[in-house]
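**Student:** Starting from the structure of chain A, add chain B where the hints point.
Line by line, the protein sequences are chains A and B.
Using our numbering, read the first sequence as starting at 719 and increasing by one per residue.
Using our numbering, read the second sequence as starting at 12 and increasing by one per residue.
Reference listing, derived: stretches of chain B covered by chain A, where coverage requires no fewer than 3 residues with Cβ under 8 Å from a Cβ of chain A: (1) 91-105; (2) 146-160; (3) 192-200; (4) 230-239; (5) 244-251.
No wet-lab data here; the hints were simulated from the structure.
Glycine is no exception: its CB is placed at the ideal position from the N, C-alpha and C atoms.
Chain by chain, the residues run as shown.
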Amino acid sequence: MRSEAELRLRERLSKLRSMRLLSGARLDGELERLERQLELMQAEPTEEEIWRSVELARHQDRPYTLDYVERLFEDFFELHGDRAQGDDQAIVAGLGRFEGRTLAVVGHQKGRDLKERTARNFGMAYPEGYRKAMRTMRLADRFGFPVVTLVDTPGAYPGVVAEEHGQGGAIAASQAVMLRLTVPTVACIIGEGGSGGAIAIAVADRVLMQENAIYSVISPEGCAAILWRDASQARRAAEAFKPDAAHCLELGVIDGIVVEPEGGAHEDHDEAARLLGESVREALDELDGVPRDELRRRRRAKFRSLGVYA
Amino acid sequence: MSERIDVSIESKQPEGPSGKRHPNTCPVCESHYRDDELAEAVWVCGQCGHHFSMPARARVDQLADAGSWQEEATEIRSDDPLGFFDLRPYSERLVEAELNTGLGEAIVVGSATIGGHACELAVMDFAFMGGSMGSAVGEKFSRACDSAAERGLPLVSVSASGGARMQEGILSLMQLPKTVAAVEDMHDAGSPLISVMTHPTTAGVLASFATLGDVIIAEPGALLIFAGPRVVQQTTREKLPEDFALSESNFRLGHVDAVVPRPELPSVLTRLLGLFANAQ
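For reference, chain A alone in the conformation it holds in the complex (with noise of 0.2 Å):
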């Protein structure tokens, strides 16, 4: 998986290395972009750097699913409610014009202030959440419209009210509704990707993570308090089960790693628009031209290949 990865990026790179020579300075941005992707896929993150990402995906300057929409979109139009019980704004859907099409995009959204972040839930999602998800993702099917989603979550709300109204279910038929989907879907882990609350609008025909970024089965502190039966070994933990992007591109769990501004997303906000819109395009341009049931049939296929046993 790594090499496939790897193999689509040296191709980007050599062709345009060649096109250097006649393009000119505007093209130094891009190679310099393309060549970061590639160390950093060949990165093997020590025990230090996994804890900083850790650090950095939580930084609470670090650009949210709205930030990235306002610069990347044209028009958006905000969806609201599950048609069904409520608004789940920890969610937020909608659709926008990116170069010139219409996609739909999806994402997590944590808050800045505290009346936000308690409005948000911290990004935790209801059940209600992720069916408002669904629908969207449905419209879109419907139109031919590419579903963007940007994941950033602690992990789903386990609260009494989320689970009464089905958070398991809501999160496993998300998953389904996203593998039946025939029209181009990429994933971008933006922050934390926490679990099941993550995967929930994760499962698309390619999975991106920002430099930056954790994906992991459990928190930190959540497995610590497991398995060392003390939060406090939180960073042990985090090394034991890598949530970085290094080790979930290396493991196949995601497809490529998107560049951050020097020092971190929260740096740059603008530039950090700027490098996931890049990617973005890179992955819709991959997609182009694929038969509808063919992109349904490749994205089970490697969501089924997925796991390492003897």
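**Tutor:** For chain B alone, coordinates are given in the frame of chain A:
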């Protein structure tokens, strides 16, 4: 043994005075049984009706017609892709689980007939690392879906799981979409999934194939929850409803089709399989 491994399992019963209860002692009414008595009663307490956890092989014996069971994918074992080491190496936990349960993994799959109806059967065992789902469980379940699809038969799954197997890191999370994809492929081939949820069916297994059953049946008193009750309690600081997340409240809220006591499962499954036998 499983308590250190589960992601979100809790026993809904209080611990006995000594803290450890004999596995054959009923946690609700304290009745005690010999091994053969429990087996005879399909691990249901004769006094109060409490459903004990049941070994996967015993479950197969209970549901499959005598002599009909043919196990598949027996060679699949877990690997240790992360070289995971917490208080003990994952590889050591796997060996211990196999020795204790006599199973190669936390699920057994195979073909069988139930009440004369041919089907595929996938049964989980909570005693194998809390029934947690890693790559091997995901692969075996997926093969059961393929086997059902190829033969045009229903798949009956019996779940008992604490969720994803943390020791396999992100790959255990990937078993959610993997098993969901297998169910969707099976659905496209026209085979139904009858999902039987037993205590406990939680987290990653609840949030993947178990809730995708075309028909969902739960055993009485089973905990069916995405997050663990302790996590919910800590997050919300509310007093939890009396039967919170148990089969009965899940039935009331519309998440399962029927709550069926274990001794009645074979006849209920026979009826259902008969109805699906007329599917086109």
